[in-house]
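Trainee: Chain by chain, the residues:
Number of protein chains: 2
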Amino acid sequence: MTDRTEMWTELGMDLEAHDNLCSVLPTAFGDVFLSQENRPAGMAYWDMVTADIHGIRPAELVEAQKKGRKVFGTFCVYVPDEVVVACDGIVTGLCGGSQFWVPDGEQVLPSDVCPLIKASVGARLGRTCPFFRIADVFVGETTCDGKKKAYEILANDAPMYIMDVPQMKREKDIVKWAGEIEEFAAMVEEVTGNELTPENLGCAIKVINDKRRALARVYEARKSTVAPISGTDALLMMQIAFFDDPVRCAEMCNKLADELEQRIAEGVSAMPAGSKRILITGTPLAVPNWKLHHIIETCGAVVACEEMCTGTRYFENLVDEGQTTLEGQFRALSERYMKNNCACFTPNTGRIDDVIRLAREYRVDGIINTNLTFCTTYKLEGPALERAVEEAGFPVLNIETDYSDGDSEQLRTRIGAFVEMLGD
Amino acid sequence: MTDRTEMWTELGMDLEAHDNLCSVLPTAFGDVFLSQENRPAGMAYWDMVTADIHGIRPAELVEAQKKGRKVFGTFCVYVPDEVVVACDGIVTGLCGGSQFWVPDGEQVLPSDVCPLIKASVGARLGRTCPFFRIADVFVGETTCDGKKKAYEILANDAPMYIMDVPQMKREKDIVKWAGEIEEFAAMVEEVTGNELTPENLGCAIKVINDKRRALARVYEARKSTVAPISGTDALLMMQIAFFDDPVRCAEMCNKLADELEQRIAEGVSAMPAGSKRILITGTPLAVPNWKLHHIIETCGAVVACEEMCTGTRYFENLVDEGQTTLEGQFRALSERYMKNNCACFTPNTGRIDDVIRLAREYRVDGIINTNLTFCTTYKLEGPALERAVEEAGFPVLNIETDYSDGDSEQLRTRIGAFVEMLGD
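Protein sequences, first through last, are from chains L and B.
Heads up: the first sequence at position 126 corresponds to 126 in the numbering used here, and the numbers run straight through without jumps.
Heads up: the second sequence at position 249 corresponds to 249 in the numbering used here, and the numbers run straight through without jumps.
Among these hints, one or two may not hold up.
Covered stretches of chain L, going by a simulated chain B footprint (3 or more residues, C-beta under 8 Å) [to be verified]:
1) 108 to 114
2) 150 to 162
3) 167 to 177
4) 185 to 199
5) 357 to 365
Computed list of lysine to aspartate or glutamate pairs in EDC-like fashion (alpha-carbon distance at most 16 Å, straight line) [as the list claims (entries may be wrong)]:
6) L:K169 with B:E60
7) B:K70 with B:E60
8) B:K169 with L:E183
9) L:K172 with B:E183
10) L:K339 with L:D88
11) L:K169 with B:E152
12) L:K67 with L:D47
13) L:K223 with L:D258
14) L:K172 with B:E321
15) L:K172 with B:E182
16) L:K206 with L:E316
17) B:K206 with B:E60
18) L:K66 with L:E152
19) B:K169 with L:E190
20) L:K206 with L:D47
21) B:K172 with L:E316
22) B:K172 with L:E321
23) L:K206 with L:E251
24) B:K172 with L:E182
25) L:K255 with L:D47
Hints are computed from structural coordinates only; laboratory data are not their basis.
By construction, the Cβ of each residue, glycine as well, lies at the ideal position given by its N, Cα and C atoms.
Starting from the given sequences, assemble the full structure and let the hints guide the process.
Mentor: Here is the structure:
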């Protein structure tokens, strides 16, 4: 593997602390991924990217910056990548999914904030994530109290731009979000020095839609009870999609989908016969948070679908490609993004509808509703969601967990019992 | 005291559980209020109202309803009372401030939600608060994740109407809030059956401004180092203001202010000489939450000012009375309410400016920043606030507490030590 020390030094990273992170990741990755059997050959791409996750893609971003391109770091699936791509900018995900970053986050945040927020802030302040060093602009949003106020703290150390996500979904809220996108576009134009036009935005809408179509093809294959890919592998593909170049992401996902479709035709499964099928819903699973998928898939089940931001919400619903004015395109973008059923909205019954629809489409045997500790919005939706899916005939298990390993064995016991009781 | 059993029965209250609440309140009230010395005579009004807090005012509301008037229950200082008053409706505060209601709230809410939310939901679901039985409409808002999602749960049991508070304070957010007020007005017109006109709204704006002016007069008197009233008494006046008829509230507050001004002229203090002066800032103190004020004022200090919703935010800034069209009035209302510096906004540096300004105006010796447990927005603002006020020369003590008495002695020790170290 290429030595990245020089790049990391230039990025102002804390090399010593970062070495500690680098020394545990390969073991974690090996335990979770390489121990799986019958993996699709196409996963080799994601294995390679993940094995050098702080090297390959960061090096590309640094190269692009040297050519004058700008990098926009984001924390949420509401931020419209299309606008950045249209102005020749690059989007990279920033959410932190490792316990490694939590203590650095707790230097400035109280312990009763969700681990995703603590890890994201810690990754920046501890200088142990190259993506958090590379980004020229950090794009936050008002999706939850924790993120909204943590961005204020992050703003002391990083250039933040905040988008105000509506909390409801009326017509005027769609208009409002279109307005936020327009204002965001003006900032992107200024930072990149490139003008946004109906032509380049139209192209970018097509590029990101193509990425969505490719991700959707992989998910479509997961609907087959052949189970041609593990949920753990599919999750990794999804997590990396937030960091990857969108054209290459689509290409690789399409290649993987080709292979999965072939596998389905030939009845080749990645999972043991009789594996129970699980839909998982709830708070996002940022890389390298593979904890639940790993436990579920070593308990006799397969994760068939993720109804979460790191899942169906990232690719379902395409942006209308038929608009030819910026105004029409902003509106089309707003309409697409506002279809996302995040728990930040009130009410958010659309999420319940989604979960039941997806549970049927992916032919699952049971649902796991997972919540990161101290995530108020998802936690308070839990009881209504659980009632509704049970009424629809799906057994449900409710889990609250964080990034630490302390509860792994307890979770294994609970998930194992849940999988066992699922009907044949 | 009048027997209210019949009214409470007709309101569908749980009489047995409510008796338990009624049996502890008089002792609590006696310990906190009646033990004080040199109280202003004007406090007799608030003593009377509080002694029969679930009787006098609820009976008035029930009488008004019999005459066809409607009661709007609110949880937040952003809801524009003016609109309701203009349509001959009545506004009553609903926030719960007693530990008594928390267990009923925890039947449907997780324990890691702030006690104000748990108590408010519990007061409704446990049927132990007449105000929560009387209200025809419950007006919620999107000020924090906990409230926003708790209203969805409350909506299963009570008729909710939600206003979407902007999360930022740009010009377009003021426009948005004016739009929310307009939509709210349409609902109020429908519920009350009364048309909103520039004339009746103009009168209502005057009525509520007069109430604000009266409350401001009492606070103005608190700026005097004579300390003509205890903070505990001033807090009670403020808490009852959320429930009282606005015209009577203004009248009583003006009478109290007359007395306080007289006391200042004569040098009559409600507090022992040499009491250190404290400004308290943070999460609201809903009735009957008197815990912190009581501890502070029995530790050698006087609370001179509350920079909170149950404090300066409730009366500072008047609505422009010069507007003659509904459009202009909605805009004027929005401008006034959007000056409120709640931690739900990002950024919210205006609150820091307010605290420093008020600390100077009220000539305080120190600041106590208090946070209800699990209130994320205020907690995450804490460090920046503390840094700023310390730089401005004010010692600050940071407290996180809930409605239980378990930490009272610990708080007394910490607050006692803080007060002692304040300079002479």
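Trainee: Would you mind marking each hint as holding or not holding in the structure?
Mentor: Against the structure, the hints come out as follows:
Residue count for the region 108 to 114 of chain L with a Cβ under 8 Å from a Cβ of chain B: 5. That meets the three needed, and the coverage hint holds. Counting residues of the region 150 to 162 of chain L whose CB lies closer than 8 Å to any CB of chain B gives 6, so the stated coverage by that chain holds, three being the minimum. Counting residues of the region 167 to 177 of chain L whose CB falls under 8 Å from any CB of chain B gives 5; the rule of at least 3 is met. Coverage of the region 185 to 199 of chain L by chain B is violated in this model, with 0 residues showing a Cβ closer than 8 Å to a Cβ of that chain against a need of three.
Given a C-beta distance limit of less than 8 Å, the hint that chain B covers the region 357 to 365 of chain L is violated, as 0 residues qualify and 3 are needed. Distance check on the hinted pair: K169 of chain L and E60 of chain B sit about 38 Å apart at the alpha-carbon level, beyond 16 Å; violated. For the given pair, K70 of chain B sits about 12 Å from E60 of chain B by alpha-carbon distance, which is consistent with the 16 Å threshold. At most 16 Å may separate the alpha-carbon atoms for a hinted pair to count; K169 of chain B and E183 of chain L meet this at roughly 15 Å.
With a C-alpha separation of about 11 Å, the suggested pair K172 of chain L and E183 of chain B falls inside the 16 Å cut-off, and the hint holds. Distance check on the hinted pair: K339 of chain L and D88 of chain L sit about 26 Å apart at the alpha-carbon level, beyond 16 Å; violated. Note on K169 of chain L and E152 of chain B: the hinted pairing holds, with a Cα-Cα distance of about 15 Å set against a maximum of 16 Å. Restraint check: the Cα-Cα separation between K67 of chain L and D47 of chain L comes to about 28 Å, which exceeds 16 Å; the hinted pair is violated.
This hinted pair checks out: K223 of chain L and D258 of chain L have alpha carbons roughly 15 Å apart, not beyond 16 Å. At roughly 28 Å between alpha-carbon atoms, K172 of chain L and E321 of chain B are farther apart than 16 Å, so this suggested pair is violated. The hinted pair formed by K172 of chain L and E182 of chain B meets the criterion: a straight-line CA distance of about 13 Å does not exceed 16 Å. A C-alpha spacing of about 14 Å is found between K206 of chain L and E316 of chain L, which places the hinted pair at or below 16 Å, so the restraint holds.
Only pairs whose Cα atoms come within 16 Å are accepted, and K206 of chain B paired with E60 of chain B is rejected, the gap being roughly 23 Å. Taking the CA atoms of K66 of chain L and E152 of chain L, the gap is near 29 Å; set against the 16 Å cutoff, the hint is violated. Restraint check for K169 of chain B and E190 of chain L: not satisfied, since their Cα atoms lie roughly 22 Å apart, outside the 16 Å limit. Taking the CA atoms of K206 of chain L and D47 of chain L, the gap is near 28 Å; set against the 16 Å cutoff, the hint is violated.
Taking the CA atoms of K172 of chain B and E316 of chain L, the gap is about 30 Å. The hint is violated against a cut of 16 Å. For the hint linking K172 of chain B to E321 of chain L, the alpha-carbon distance of about 28 Å lies beyond 16 Å, and the restraint is violated. Note on K206 of chain L and E251 of chain L: the hinted pairing holds, with a Cα-Cα distance of about 14 Å set against a maximum of 16 Å. The hinted pair formed by K172 of chain B and E182 of chain L meets the criterion: a straight-line CA distance of about 13 Å does not exceed 16 Å.
Using a Cα cut-off of 16 Å, the hinted pair K255 of chain L and D47 of chain L holds, with the two alpha carbons roughly 15 Å apart.
Hint compliance for this structure: hints 4, 5, 6, 10, 12, 14, 17, 18, 19, 20, 21, 22 are not met, and every other hint is.
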